Amino acid sequence: MFRLAVKSVKHNPKRLILSAVAVALGVALASATFTLTNALSGGFHQLFDEIYAGTDVIVEPAPTETDEDGDQFAAPDAVFTHDDLAAVRAVDGVARAEGTIQVMGAVLPKDFEPTGDLMAGGGAPSQLFNWAGEPKLDQATLVEGQGPESDGQIVLDLDSAPRLGYEIGDRVAVATDTGVTELELVGLVRFGETNSLQGATLGYMTEADAATLAGSEDFQTISVVTAEGADSEQVAEAISEVIPEDTRALTGEAKAAEQAEQLDDILQYVDIFAIAFALIALFVGSYIIVNTFRIIVTQRTREFGLLRAIGVSGRQLRTMILLEALVVAVVASTVGILLGYLGALGLSALVEALSGNIFGTVTLPLDALLWGYTLGALVTLVAALMPAIHASTISPMEALRESATESKKPLRLRNIVGGALTLLGVLAIVVGLYMDVAKPYVFVGAGAMVLVIGVTLLAAQVLVPLAYGLKAFLTRVFRVDGKLAANNIRREPRRSANTAAALMIGVMLLALVSTFTESLKSVVTDQFATTEADFFVLSTQGAIPDGALELLREQDGVDFVTEVATGNVLLDGQKRALGVIDPETADAAFDSNNEPDFDAMDGGVFIDPTIQELGVVVGDELTIEGPEATLTLPVTGLYLNEGDAALWVDLATGEELLGELDYIQAMVVLDDGIDPADAEEQLTSALAADFPLVVLSSPDQLAQFANQFIDLLLGVISAMLGAALIIAVLGVANTLLLSVTERTREIGLLRAVGVRRRSVRRMIRIESLVMAIFGTILGMILGVGLGVALVKALAEFGFSSVAIPWAWLGIYMVLAIIAGVVAAMSPARRAAKLDILQAIAFDG
Amino acid sequence: MTTTVTLAASMRGGTKDYGTGDAAVRALDGIDVDIAAAEFTAIMGPSGSGKSTLLHTLAGLDRLTAGDSWIGEQQISSLSEDKITQVRRDKIGFVFQAFNLIPSLSAKENITLPLDISGREVDPAWFDEIIGILGLADRLTHLPAELSGGQQQRVAVARALVARPELIFADEPSGNLDSRSGAELLGFMRRAVKEFGQTIAMVTHDPSAASYSDRVLFLADGRIVDEMREPTADRVLDRMKQMGH
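Residue numbers (our numbering), protein chains in the order written: chain A, 1 to 844; chain B, 845 to 1089.
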């Protein structure tokens, strides 16, 4: 049976090509992502290994549950005093120990101009440390010039100095919380072996300078080199005895592994994201496979009948077709995996050319193989199952029939199942939207999926009357070509519906995402439109320094400045986001959705819907555990948007809980009668001198920036859906190609009675366009509908209004028409080229 | 000739109706048939006489509405679809009028297909003998599309013979062939009966094809109306004319 299956695939591979391409494209998407994330992970593993390569033991604050996840570059709090360092040095087995002071700041490019551009100074951060002069501890080796031996000197890594425009002897501008400091560049260093910093800037200065810039003489970590022959783990244990509470000592190896693991956790989400899109692409591809195998089974009805007559059982036939599908799947998956790998290679080369080497060696990971083959085989087999079962029911008598004909099965069962699924989907969506259920978006999401399958099944029923309806129209416009095209669509409602449905799913997802993002944009625009603030203050790197806020407050024409900080706290052992605002001024600066106004906070806490769902009401008391203190606060109000911070407190309470606050945003309100344009110039130049990384932007600018970001998101998702759409268009071409082959005789007859080549081509093109446009319209209706439903379901996250992306819908329609024409090109050419005599003699 | 005739297949009271109610058509009307082993039996009759239906129900391709049929000693009318498939696989060979071969397999692979399906070994001596007689030795690697109509039918006969079935059913095997190729094919089939003792039951409407057989059964309106031993084309033609054909 296996041999017969392989032979059969080999005998006529053309009809399986597009199915294979569909599978390969989906698999390639998954394979490329796995290869890239694997390379990225490899690159960072290497980075972490090098960071901790020379250090035998690291002494650092113990991680707490309220730590931010995943921020690999944030400087930890400085907790080790010089006394602690002395104590570590005294431990047996310690050959050398040095405290590390990391400076939060950025090395500015030589030609830096404060522009108000939010992207300026962005990208990979600067890493500034005190210089130990010991390569094992610094993890850097001096390659040119000298180390920072006296105050006022700095060394930079050998890649960053030229990138930022500095040469030895230049004055390097370093921006920190307290202002801009200039240091003399005295040398260049190489990080680890290859200076692979993933694009970050590395700099070292004297301990005294570092302490000044960091604002503290204490160390964030202590790096230890052990004496020869000493066991790092034992030394780490011994050090643990002498260091303060809530700190820990661990070996460099363990630390590197820990960091790499954290990173891999994040990359895993990227993989899951990619698999989701690969699944969408393959789901669309499965429609092609179903159609192809259904047509193949029909074409081979006599062959199967013959096999049944000479003693092949139905089960064996089914197995044979599934084996054929498996052969296609294996070939297609292999191609897809290689394609993905090549794509990843190209992409990593491109990234490397644009922004430096952030990838490790790009190799094909085992994950890519496993997922590639599993996804490919699973989708192909599941899609071929129905046609295979159909083939197994072919009677041996079919071998004796004159020509292959598909017995017309009524659509009744399909309609019943389709109708039931559609109703179920709509019901779930309605329940999610209008009933008071716990997680409405789960209902809406699941309902949407069921609805899509239901509509796919029903599409066959819709397409038949549609083709009837169009027949008169098409006949009038295109005369006999149009009539024949309408008849062809009607003749195979299942096949036409499946073809259109594949496109429908792609367009639906696009329309859904664009409806969603368009609504998101209108929410953002509304939010910024209602604000009273004249300017938003943001930092392009790290938090907004206190000094910058003071500076702004002192400026003429500034009425007041109100700031927002965030942090993490524990509530009943669970991590929650804490928002910190100034209740006196917050209400006047922005129109937040809370009840009552913030000025009624009175030292208490406002809670968001997630906390309200726990049964907490105004008047209750909450015990909030912060890194610095645990406080019991009365609940004095409700914050009504979900998805921001769960708990809101005032500045004094925030500082008590979190310690020094990291301000992520501030708002400036000007005195009445001040022209914002004039004020902007004044405030920007005031900030430029000492706080070049603090940026002022008007609500309009910010809304525009946010909207650009949303558009980028839409772009990325659309690109990921691109694979699914290409597959859907291939599906239209596939169906037409197979149906041209199937109708060879009929087309030959048409040509024989005098239908011109041009007319044959036009007939195929009309069929293609009708399917493409039908699928697109269905997809748009579903996509916009579901998008609106989703936006409504997310109302408590702040989605107040629905916006329908008319412009995008117009673009999709134009693209659908182009796709219809393109998909028809090859089938139409083939149909028109048929030799009349051969076509009539063709053994159907 | 021996006095006791071994039966390769038989049917008692075979009735086959198509459709229901007013549209019902009775194709076989309580028919009794015996196909003797090691004999070449031809089944003749005008269109609609039920001859094809008789072949299909005898071979287990189709089911009787009423009555029983046997392949050898095995009663097949009450067997499940799976069991009937197995009987076809192990005991019966087929030669159809057209589309006898799997397009993706070579001639040789088509010939050994029944053995491959049932997992039996090919007997090389027997295979070579059949190929020699049928003159297919230099055609074995060709795909069906590369063979002439006569060659395709010979491959089909080889396939039917190679598994040494108890019985071969042939449905107008020469119907699509020119007269020379047709005569050649029927000659081979007759040799298989005479030299190897193969049993063949053949449906045909061509008197000259029927003349290759040992015995002709005449069907009309779903019943056997006559029987002829040692037929010649002329005698069969005369008989057919009497039947109003």
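Keep in mind that the hints were calculated from the coordinates and are not lab data. A couple of the hints might just be wrong.
[Said to hold, decoys possible] Calculated pairs, DSS-like style, for lysine-lysine (alpha carbon to alpha carbon, straight line, at most 30 Å):
| hint | chain 1 | residue 1 | chain 2 | residue 2 |
| --- | --- | --- | --- | --- |
| 1 | A | Lys14 | B | Lys952 |
| 2 | A | Lys575 | A | Lys833 |
| 3 | A | Lys792 | A | Lys483 |
| 4 | A | Lys14 | A | Lys521 |
| 5 | A | Lys439 | A | Lys14 |
| 6 | A | Lys521 | A | Lys792 |
| 7 | A | Lys7 | B | Lys927 |
| 8 | A | Lys7 | A | Lys521 |
| 9 | A | Lys10 | B | Lys952 |
| 10 | A | Lys439 | A | Lys521 |
| 11 | A | Lys7 | B | Lys952 |
| 12 | A | Lys483 | A | Lys471 |
[Unchecked claim] Just some of the chain B residues that point at chain A, by a computed CB distance under 8 Å:
| hint | residue |
| --- | --- |
| 13 | His900 |
| 14 | Pro958 |
| 15 | Ile961 |
| 16 | Arg964 |
These numbers come from a predicted model, not from an experiment. Yeah, the Cβ is synthetic: ideal placement off N, Cα and C, and Gly gets one too.
Hints, verified against the model:
Using a Cα cut-off of 30 Å, the hinted pair Lys14/A and Lys952/B holds, with the two alpha carbons roughly 25 Å apart. Taking the CA atoms of Lys575/A and Lys833/A, the gap is about 69 Å. The hint is violated against a cut of 30 Å. Annotation: proposed proximity of Lys792/A to Lys483/A is violated, straight-line Cα distance about 44 Å (limit 30 Å). Distance check on the hinted pair: Lys14/A and Lys521/A sit about 46 Å apart at the alpha-carbon level, beyond 30 Å; violated.
Simply put, Lys439/A and Lys14/A have alpha-carbon atoms about 48 Å apart, too far for the 30 Å limit, and the pair is violated. Of the pairs offered as hints, the one joining Lys521/A and Lys792/A holds, with about 15 Å between alpha carbons and a cut-off of 30 Å not exceeded. Among the hinted pairs, Lys7/A with Lys927/B is consistent with the structure: their alpha-carbon atoms are about 28 Å apart, no more than 30 Å. At most 30 Å may separate the alpha-carbon atoms for a hinted pair to count; Lys7/A and Lys521/A exceed this at roughly 56 Å.
Using a Cα cut-off of 30 Å, the hinted pair Lys10/A and Lys952/B holds, with the two alpha carbons roughly 17 Å apart. At most 30 Å may separate the alpha-carbon atoms for a hinted pair to count; Lys439/A and Lys521/A meet this at roughly 24 Å. Of the pairs offered as hints, the one joining Lys7/A and Lys952/B holds, with about 13 Å between alpha carbons and a cut-off of 30 Å not exceeded. Between the alpha carbons of Lys483/A and Lys471/A the distance comes to roughly 6 Å, so the proposed pair stays at or under 30 Å and holds.
Annotation: His900/B was flagged as interfacial toward chain A, and the flag holds, the nearest CB pair being 7 Å apart, inside 8 Å. Proximity of Pro958/B to chain A holds as hinted, the smallest CB-CB distance being about 5 Å (cut-off 8 Å). A distance limit of 8 Å between C-beta atoms decides the matter here; for Ile961/B the minimum to chain A is near 6 Å, and the interface restraint holds. Below 8 Å, beta-carbon pairs count as interface contacts, and Arg964/B has none with chain A, the closest being about 11 Å; its hint is therefore violated.
Hint check: violations occur at hints 2, 3, 4, 5, 8 and 16; the rest are consistent with the structure.
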